[in-house]
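There are 2 protein chains.
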Amino acid sequence: MTDITTTIHDIYRARTHVYQHLRPTPLFHYQGLSELVGGRVFLKHENHQPVGAFKVRGGLNLVAGLSKEQKLGGLFTASTGNHGQSIAFAARAHGVKATIAVPEGANPGKVAAMRGLGAEVVFHGPDFDTARLWITEVAEKQGGTFVGPTDEPLIHGVGTYGLEIMEELPDVDVIIVPVGAGSGVCGTAIAAKSINPAVQIIGVQSAQAPTQQQSWLQGRPVEAEMTTIAEGLATRISFANTQAIMRKYLDDFVLVPDAAIEEAVRLLLIHSHNLVEEAGAASLAAAIALAGKMRDKNIVLVVSGGNIAIDRLSKIVAAGNR
Amino acid sequence: MTDITTTIHDIYRARTHVYQHLRPTPLFHYQGLSELVGGRVFLKHENHQPVGAFKVRGGLNLVAGLSKEQKLGGLFTASTGNHGQSIAFAARAHGVKATIAVPEGANPGKVAAMRGLGAEVVFHGPDFDTARLWITEVAEKQGGTFVGPTDEPLIHGVGTYGLEIMEELPDVDVIIVPVGAGSGVCGTAIAAKSINPAVQIIGVQSAQAPTQQQSWLQGRPVEAEMTTIAEGLATRISFANTQAIMRKYLDDFVLVPDAAIEEAVRLLLIHSHNLVEEAGAASLAAAIALAGKMRDKNIVLVVSGGNIAIDRLSKIVAAGNR
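Protein sequence lines, in the order shown, are assigned to chains A and B.
Residue numbering for the first sequence follows our numbering, beginning at 1 and increasing consecutively.
Residue numbering for the second sequence follows our numbering, beginning at 1 and increasing consecutively.
You can trust all of the hints, since none of them are fake.
Pairwise CB distance ranges (calculated): (1) A:E168 with B:Q218: 45 to 55 Å; (2) A:T7 with B:D296: 45 to 55 Å; (3) B:I195 with A:G292: 48 to 58 Å; (4) B:I310 with A:T227: 24 to 34 Å; (5) B:I310 with A:A309: 10 to 20 Å; (6) A:G95 with B:P221: 47 to 57 Å; (7) A:A309 with B:G292: 25 to 35 Å.
In silico DMTMM-like cross-links for lysine to aspartate or glutamate, where the CA-CA straight-line distance does not exceed 25 Å: (8) A:K315 with B:E263; (9) B:K315 with A:D311; (10) B:K97 with B:D127; (11) B:K315 with A:E263; (12) B:K97 with A:E35.
Bear in mind the hints are in silico, worked out from the structure with no lab data behind them.
Positions of the beta carbon are idealized from the N, C-alpha and C atoms, including for glycine.
With the hints as constraints, model all of the structure from the sequences given.
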């Protein structure tokens with residue numbers, strides 16, 4: 001059993017670094033979504049971050065905590081999405097070089113976004129895992145620092161939005177968080193439960209990528225089929241540190257089908273006028289699935305990420321016009 | 001000639017009221033948009049406000065300045081969009097009743113949004129002007145306060161985002177603002193030019209609704225044909241107070257066709273992952289039209305509003321897949 005080392009104190013310490021570059025994000029109530037779900041629904045707008053995702057908080061905390069030597073050696077990571085942009089953003093903010101490995105054929109829009117933030121993007125191998133293993137070796141050879149998806153400083157940093165939720169809505173009853181590798185839900189859970197253990201923390205994954213949920217349920221690493229269209233939820237493996245935190249802190253962990261996630265993207269456009277990518281919209285899909293249990297509750301849905309290709313968006317909004 | 005009464009001092013005074021309920025909105029740089037326009041492009045994210053639009057700043061300042069008697073008498077206005085939601089939001093924040101007239105057949109989504117914010121919505125007459133004239137009379141009969149679209153306290157309140165731009169990016173060269181009735185561009189211009197008279201302020205309207213632009217060019221009220229799909233720019237008449245401010249402060253006032261505005265909505269989705277309604281996206285359309293003059297400049301585009309019907313959005317995103 002992996003020990004849990006992160007505490008709310010780490011999150012408070014991270015906040016001093018995070019707030020040097022970011023402001024708190026809004027927490028807004030939406031009447032239309034509340035009527036759909038049955039409780040009072042608030043969106044925690046992590047999609048209003050500079051790179052559109054909560055992960056930038058973690059990146060900033062991680063880079064701020066590097067030694068001078070580590071900063072000189074540069075950061076190395078693998079990502080096809082928001083993680084890469086967050087590391088690129090944080091590295092640039094601290095004048096550190098970031099090298100990001102992506103598989104050949106990676107989404108050109110995302111590559112451009114990472115390059116636009118000053119990162120060096122290197123194409124390697126046919127898939128994400130190949131790119132990741134390769135860049136780990138490159139980092140070691142070049143004396144740089146490899147950043148994994150659930151490194152503790154990332155959890156401390158992203159936990160700062162959990163603090164913001166508790167400060168702005170101390171009477172929150174339920175917080176629903178999409179789970180990719182788990183840094184977001186773990187930071188949220190530690191922040192929220194340390195202040196009020198009665199807050200329910202619910203994780204959500206796609207039914208087409210249930211690895212974390214299955215591992216959580218069974219209490220051991222489970223590999224499951226992964227076919228989801230929600231890239232931010234598309235993990236094939238579980239991580240010991242986030243699984244340990246989830247096992248201790250999560251009240252529930254639900255699965256929603258990709259079709260419900262796409263419908264949630266559409267509902268967020270209609271009722272909140274926010275573009276949220278599939279992974280980030282899973283929290284609304286879960287709230288709708290759990291509507292019977294949400295009555296009269298104060299529900300916070302964490303929404304994050306806007307990396308949604310225009311052709312996919314086109315299909316999603318057109319689907320609602322049938 | 002109408003005297004100009006608003007100064008930057010009014011905007012500073014408004015800010016104490018505005019910041020009791022709102023936080024500053026982000027000003028983010030976007031590499032993709034910068035490459036399209038040729039300068040360094042920043043978006044001022046007024047679309048991240050609670051009702052999705054800058055107008056809420058004006059509403060909050062106006063309501064804060066009412067006397068006790070005026071608060072008891074309630075607010076009356078006419079709107080089919082963001083103005084109505086802003087007044088509803090501000091009224092609720094201060095415990096004041098808001099009654100909003102809309103034409104019969106008004107967009108049900110917008111009516112639901114205003115009701116969701118606690119306003120009483122009354123349907124009256126076949127078009128907006130009929131509803132507006134009627135609610136003016138109702139306000140008078142019932143001893144309430146009618147709120148017009150360019151009331152000075154609204155200009156003071158919305159000017160606070162202009163201050164935020166100057167504080168966060170003191171070396172801004174150009175600010176481009178969509179013009180409906182003109183409160184936004186006037187507040188911005190007074191705030192920005194009072195701090196640095198060299199900042200260029202550029203207004204933009206749809207070529208399918210050029211009333212304000214024509215009136216500004218000719219120095220007298222001009223009525224022009226109005227067929228734009230951009231509801232927030234769809235004004236048929238000019239207003240003496242905003243015209244006087246625009247004549248003094250605006251460096252340019254351009255028209256862009258509706259087709260370019262729709263393309264700008266699509267480009268904002270792709271490059272910034274933000275849903276911005278047509279009126280609010282006109283600033284990007286103008287920057288693209290003026291690209292030759294934008295080289296090496298720091299350009300702030302004010303984006304605001306997310307009131308875009310899903311069927312119209314569907315057409316706009318599909319158009320890009322041709």
